[in-house]
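Asks: Below, each chain spelled out in residue letters.
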Amino acid sequence: MAKVQFIKSADVKPWLAELAKEHRVFAPSYDGEALLFRPFDPEQEIVLDRAATMPPKKTIFPQSEKLVDFTYSKDPENLSRIKIDAKANLPEGSTVVFGSRPCDARGFTMFDRVYLSDKNPDIYYQARRKNTLFITLACRTIENTCFCNWVDSDPCDPTGSDVLAIPVNDGYLLESVSEQGEKLLNSKLLADGSSRRAEAEKICQEIAGSINNTKDLTLAPEKLLAVFDNMEFWEEVSAKCLSCGACTYLCPSCYCFNITDETTGMKGKRLRSWDNCMSAQFTMEASGHNPRPTKAHRLKNRVGHKFSYYPTIHGGVISCCGCGRCIKSCPAGIDIREIVLKAIDFVPAAVEE
Amino acid sequence: MPVLKGKELRIVGFLCNWCSYGGADTAGVGRFNQPTDLRIIRVPCSGRIDPLFIMKTLMNGADGVLVSGCHPRDCHYAEGNFYARRRLEVLHRFLPILGFEPGRFEYTWVSASEGQRWQQVVTRFTEQIHKLGPAPKIAGPEASATLRQMEAVL
Amino acid sequence: MKIGVFVCHCGSNIEGTVDTAAVAAAAREFPGVAFATDTMYTCSEPGQEEIVNAIKEHQLDGVVVASCTPRMHEQTFRRTVERAGLNRYLFEMANIREHVSWIGKDREANTNKATDLVRMAASKLLHNRPLLSKQFDINKRVLIIGGGVAGIQAALDCAEGGLEVVLVEKTTTIGGKMAKLDKTFPTVDCSCCILGPRMVDVAQHPNITLYAYSEIEEVSGYVGNFDVKVKKKATYVDWDKCTGCGICMTKCPSKKATDYFNEGIGKTTAINIPFPQAIPKKAKIDADFCMKLQKGKCGICAKVCPSGCIDFTQQDEFVTEKVGAIVAATGFDLFDWTVYGEYGGGRYPDVITSLQYERMLSASGPTGGHIKRPSDGKEPKNVVFIQCVGSRDKSVGRPYCTGFCCMYTAKQAILTKDHLPESQTYVFYMDIRATGKNYDEFTRRAMEEYNAKYIRGRVSMIYPKGDSLLVRGADTLMGTQVEVDADLVVLAVGAEAAAGAAGLAEKLRISYDSYGFYMEGHPKLKPVETNTAGVYLAGSCQGPKDIPSSVAQGSAAASKVLGLFSKDKLASDPQVSVVDIKRCIGCGKCMKTCPFGAIKEIDFRGMKKAEVIETVCQGCGICTSTCPQGAAQLQHFTDNQILSEVNALCQF
Amino acid sequence: MSVSLTYAYYPGCSSTGTSIEYDMSSRAICAALDITLTDVPNWSCCGSTPAHTVDHTLSSALSARNLCQVASMGLTAAVTPCPSCLSNLKTAQHRMKNDSFREKVSKLLDKPADITVETKSVLQILVEDYGIEKIKAKVKKPLTGLTVAAYYGCIMNRPAEIMNFDDREHPMAMDNIMTALGATVVPFPLKVECCGASFGIPRKDVVMRLSGKLLDTAKEMGAMALVTACPLCQMNLDMRQEQINSANGSKHHMPIFYFTQLMGLAFGLTEKELGIDKLCVNPRTVIDALGMEGNSKEKSQ
Amino acid sequence: MKYQQELKDSIRKALPGLDVVIAWSAGYDPLHATPHFIRREEDIDRLEIGPFSVHNLATYLPGLRGKKVGIVVKGCDSRSVIELLQENLINREDVTIFGFPCTGVVDQTKIRKALGHTGKVDFCQIASQTVVIGAGGEEHKLRLSKVLADKCFSCQYPNALISDHFVGEKISPSAQTEGGDDLEAFENMPLPERFAFWQKEMDRCIRCYACRNACPMCVCRDHCLAESRDPHWLSQEDSVRDKWMFQLIHAYHLAGRCTECGECQRACPMDIPLLLLKKKMNKEIKELFQYEAGVDPEATPPLLSFKMEEENIKEREW
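Protein sequence lines correspond, in order, to chains A, B, C, D and E. Quick note on our numbering: the first sequence kicks off at 1 and runs consecutively. Quick note on our numbering: the second sequence kicks off at 1001 and runs consecutively. Quick note on our numbering: the third sequence kicks off at 2001 and runs consecutively. Quick note on our numbering: the fourth sequence kicks off at 3001 and runs consecutively. Quick note on our numbering: the fifth sequence kicks off at 4001 and runs consecutively.
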């Protein structure tokens, strides 16, 4: 049975300060005009009434992470005999993310299926994932770009979170989702919240009820495959794409990476950094050949991967959490919903014999 | 190891092969004493010096960058230093917007015969950099704490 | 990569202030370095052998030598590594002598700096790639600029060697300064008698094309294939027809034209042939003084000319010559001594230059070889020579020694006594520099046999006193002031680069010093080469020289040209730009900025791309720093090579 | 252009004594030429010989003090007739280009030393700012018949990089003025030679020799009179002419004018206001002969 | 927008000779427009021009080289077209330019700041100088001038500088001639503060390169130095150094070419004030060479040319 606690709005910061003694705590605050998950700082205002510019993706999947430090050393007897010492840089410590949205937290479940497979777990991801807890805030308003309801989720979806916080009148109802989450709810600043449960449920229902534009994407995997070879279709939908990485880098469920070694002198590091399937470098081969030479090919990959290929191998789960950041932040105003619907509705022209 | 602590600062020179590198050689042949901070990178022509090398050098933590080429009209390649002059001047004027002191980067002309002038240029530039002191260092990827302090200042 | 590092002691030149062993020890820790040692003289034969052996023994595939400037020995060591089977570009030098050991004595700082320079060289070397030359055809013709004794010698030697020679002379006759001299030191033989036959040889040699009264307008191209535009200035005389009879000169009514050949001693006619032995012996009209050209009236010369060669409408004409090598032999001019107010600044007619005095002494000169004072035509009794006028004088910006003035002053003192046995000569000098074969003996003779009174000191003032000049100076040996009543004062004016030398250097793309003298490739080892391949120097354009040295240089330059042309094809320098066709977006910015037109646009699968013409590219790298996407990369100085040096020096 | 010229006027100590006629005539001709000279209030010694042989900083501070006075007048240029004063003012300015030297001077002055004021000699403003042509136009009584040699002395133009006026070896400013006034100017080869002034007290024999040579040469060149621009030169040649004669056995009787006096005469000013009567060697015969030839020529034109 | 119908007619006439016409249409909500590629007659109806036509469509031109392209441009966009023509990156005969008098476009960041929260926008009406936005159940009335992009205040070229079809009447440029107050203010900051400022701002860069890809003059695109190993200017590290260095590469490569359209800053999802660097570069270029990019298709950018004697460079004084 989940633990249910209540916290007054005014107590949020003191509670986070408490948590910060044991964990790295991230909460949304402004950096310039961008709302980001930043290390908790009591001096800074925590902004919870809108979705952050960037999901808390970096907390588990850093933009660039140093996987390995390596050092060359020479045999003094024979300088051309070189030894390499490599040291893995496994992440340590635990992290709490406060104020993530259901879509943000759910995004990592898309990662999990890939990085935490039994056969080949990614130890770096694993280490962070295990030790990163999400206190997720249920959404009270649905933004124009939101479409979590299209992808089997909703504004109060606890999937992927450790604690779900539902905004109620004068504070938040905190519901533990995981065991680790339950441990976070032991503060003296929290009071038993059972009495407010009904109020919270009502709020959740109200929000869910306000959504009326749900689309059925069941056919998406199959329909997208159907237009796979229709480059004209993809050229048209990608015409305005600028091939930048804003959509992928702001996406809570995009998990591609690239590995590079940077060496200076006798020392070096192996970096894993975000990759971006919109970039011409993505899948660029050493020969200069690129199986995805144009932006049409690449946008096809992004949409296809999320709405067709991933669900095909992961039990129908669409690898998109519907946060809408790719729509909001696209400098060219590309709307992924539009593309998916277009593919579903696409009727191939009758082939004339 | 590379910079003698308390004695030297990191000063990088980009010199064209034909005039200024020769001028530095002439200064050596003439045994014209110079401060030891400067490390010279030889390039064929000042026209080869992409201003981005200078930015990169500063970004990498150099305390000063000195560029020297043939006097205008004397370029071994006829026009290289004319292009260089425009590009380096633009860079020189641009750097302060980034917060680099304007004097961290200078460019000048020294011919292969001007050993003495080279000595003066090096001495003067080195003094200028020592007066400015070590360049401010850019925070590394781990320096989020420093960044937050900066934010507090701003 | 397996790099070998050789840190040179250069005797004590480097080892004196750099701990080379420590540098080598540090180098062993650098990436890629498989072998490092310090050696006594790397450039010596055993030193080079050591490199060759180390390459073989340790299977090195790259070499760093830390020694002197690459401008000195880069070629030497490139050949060394080549001997051991490596590509010559898998080699880098760290200049720890000129840039380290010779400019400071702080051993700790020097060792540290030398280590840094080796680190830079080694990290650049890691990015070096083998480069291979291309062969290209050459045009075996040579252009010689300047028809003085050095240019004449070079022209004749080249022509004798079977080359076609184009000789361009600025004035209407070849012969240069030597043709103006009466006698030469230390033999006191007739200058014109030695030079005259050689001038005739030039005129008659089938391999020599002479453009007199012509200048270089434009030079393009590169070693083996220069295109030179020559401006033939208008003489208003059709030289194809002119026979040099000189009738025009006898009839020309404008007799007040400046006599350049005679250094302004006397006047000449507007149409003139500078002197009887002129080559080519052709007349030229001085437009400034010609009444016909100035006022439209006269035209007498046209009437009297038996071959009808006068053409008042003549214009400058341009011809283009294709040559494979160029020798600059532009000589010197005299310093403008009138900045010396204390010598009258040009106000006293009886203060003249040494070269004017030569013309006065010459039997073919305006005075017929009689020494006469310009002011009143009287024979002088006391003749005072002042040396170092515009030489060794920082205050007028001429700190260097012209070198030959001591000798010609002694010669002129001797000749004065020969011409005027009653005369007395005085020579104010700073030091006597007579360091040639029989030179010192010669100055001694001037003093001892010809009784020239040598006074060691500078002259502070010359002023007229009665109809003579009072020369006041110091006698530093006696520690007194001396005053000499002089009838004639001859200034031993120093030499400076010929007028227009700097402009020509810019066209030739060679460098020159602050006095306009051209820079040789190396002060000792490459005295007639320049840093521009295919361009050589002869004579005083490189620095003041006496006749034998100028002739020697003329021959040296000729032998360099003959050597260059002994091959049928030249190897291009592979340090050229190369465009990565994958990265090129065909924007053409590189083409816009290339000074040599070495980049052309090509079509690659329907896309515009840039391509470098290897033999035209001179390797400046402007395109590389212009190309925003780094597609054009100057080989051996690629972005990554330079960045690796930056990174070796600065890592945050 | 009719912008009137205005300068701060620094007379210098000599002008109150030995060279009072230089001061009088300078003021008189400037007035005649509509050049406004405003005396520097409360001026002091320029820091000349007595001071600068002892202490350079102190000497420069004296000059700097006067320059500050000029700046306080709101004027940007100061003029003095005396080349010695000018030399000192300019040397001080030159030294003060060095920051640390200027700081020392400022400390002595208790205020920042001025480095903006421009300094010139009366001769310099006449030729550079006013102009020979305009001077020529002001001549009422041409000095025809007068043959003079112009003697500048050793410091009017030297050191060239500090004085920055005319040719250091062969100045022509006074020659040109004299020619403009109608006088005949002989080429005078010793125009920048030393008169021996600095040895005036300790080594009179040197003065006798050097100044004697000047008089000898002037006479040889055919000059009737010497014209000077320096109080010390004038004094050596004029006041000491008899001593020179007796020391050298010469018989010179050569009037030594200030150039300003001759300008005044040519402009038609009275001898009184030009201080002609202050001269030691009587110029009467020379003055009386003035204009004879010229006047007749003018008539004939 | 007044001239919208006229523009549609003009495009309709030209469309048969063109492969595509690039314009704008309504975006995902009433506050956004999006680039609109007109290929068929029926696409024309969706065309919309107005204060949300923020995108500089010239960015798409080099990628469409070889096709017959029509493009609708604001005055500022037309300068990018000129610059592309100047650099031979597009062929004039392949491009048909439709111009209209632009009265300014909005700055989404300003709207967001004014409204506080723009996630839920229901409607937006613009009547003369007033903008009425319905968001989150509330109605916000804003003065248009409060939310116009900075560049519009100092706009000197409201009408396309180059066009084949111009609809409407040309309007006169804004009275304010001196732009870049923010630059001036920034230049008055002490150097260490500027240094700190950039580090802080660049820290949040996610290296998505939207700034670069939205820039009409960033023509290297797929071959940018930023992602290349040869040449290897930048590492993939998440460091301020590399991120800042990229902005310097961008700014320097734009020297004398940037038309200050502001797309870099607009495109930045992290709202980094990137335009400041370009403004500074432009200011210096203008001072040094009296040159402004994107005005004359025949001009040569100043860094690709030189003079033997440079009037405004006094490099010998150092």
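Hint data in this document are derived by calculation from the structure and do not stem from the laboratory. Hints may contain errors.
Coverage of chain A stretches by chain C, computed from C-beta distances (three or more under 8 angstroms per stretch; other residues unrestricted) [claimed, not checked]: (1) 142-150; (2) 200-214.
Okay, the calculated bits of chain B under chain C, using three or more residues with CB under 8 angstroms as the criterion [to be verified]: (3) 1012-1019; (4) 1128-1137.
Just some of the chain B residues that point at chain C, by a computed CB distance under 10 angstroms [what the hints assert, rightly or not]: (5) L1052; (6) L1058; (7) M1059; (8) N1060; (9) A1062; (10) H1071; (11) A1084; (12) P1096; (13) G1099; (14) P1102; (15) G1103; (16) S1111; (17) S1113; (18) Q1120.
Note that the Cβ used here is the ideal one computed from N, Cα and C, for glycine as well.
Asks: Run every hint past the structure and note whether it holds.
Replies: The hints, checked one at a time:
no. : hint      : result
1   : 142-150   : violated (count 0)
2   : 200-214   : violated (count 0)
3   : 1012-1019 : holds (count 4)
4   : 1128-1137 : violated (count 1)
5   : L1052     : 8 angstroms, holds
6   : L1058     : 8 angstroms, holds
7   : M1059     : 9 angstroms, holds
8   : N1060     : 4 angstroms, holds
9   : A1062     : 5 angstroms, holds
10  : H1071     : 9 angstroms, holds
11  : A1084     : 8 angstroms, holds
12  : P1096     : 20 angstroms, violated
13  : G1099     : 16 angstroms, violated
14  : P1102     : 19 angstroms, violated
15  : G1103     : 18 angstroms, violated
16  : S1111     : 6 angstroms, holds
17  : S1113     : 4 angstroms, holds
18  : Q1120     : 13 angstroms, violated
This entry does not satisfy hints 1, 2, 4, 12, 13, 14, 15, 18, going by the numbered hints stated previously.
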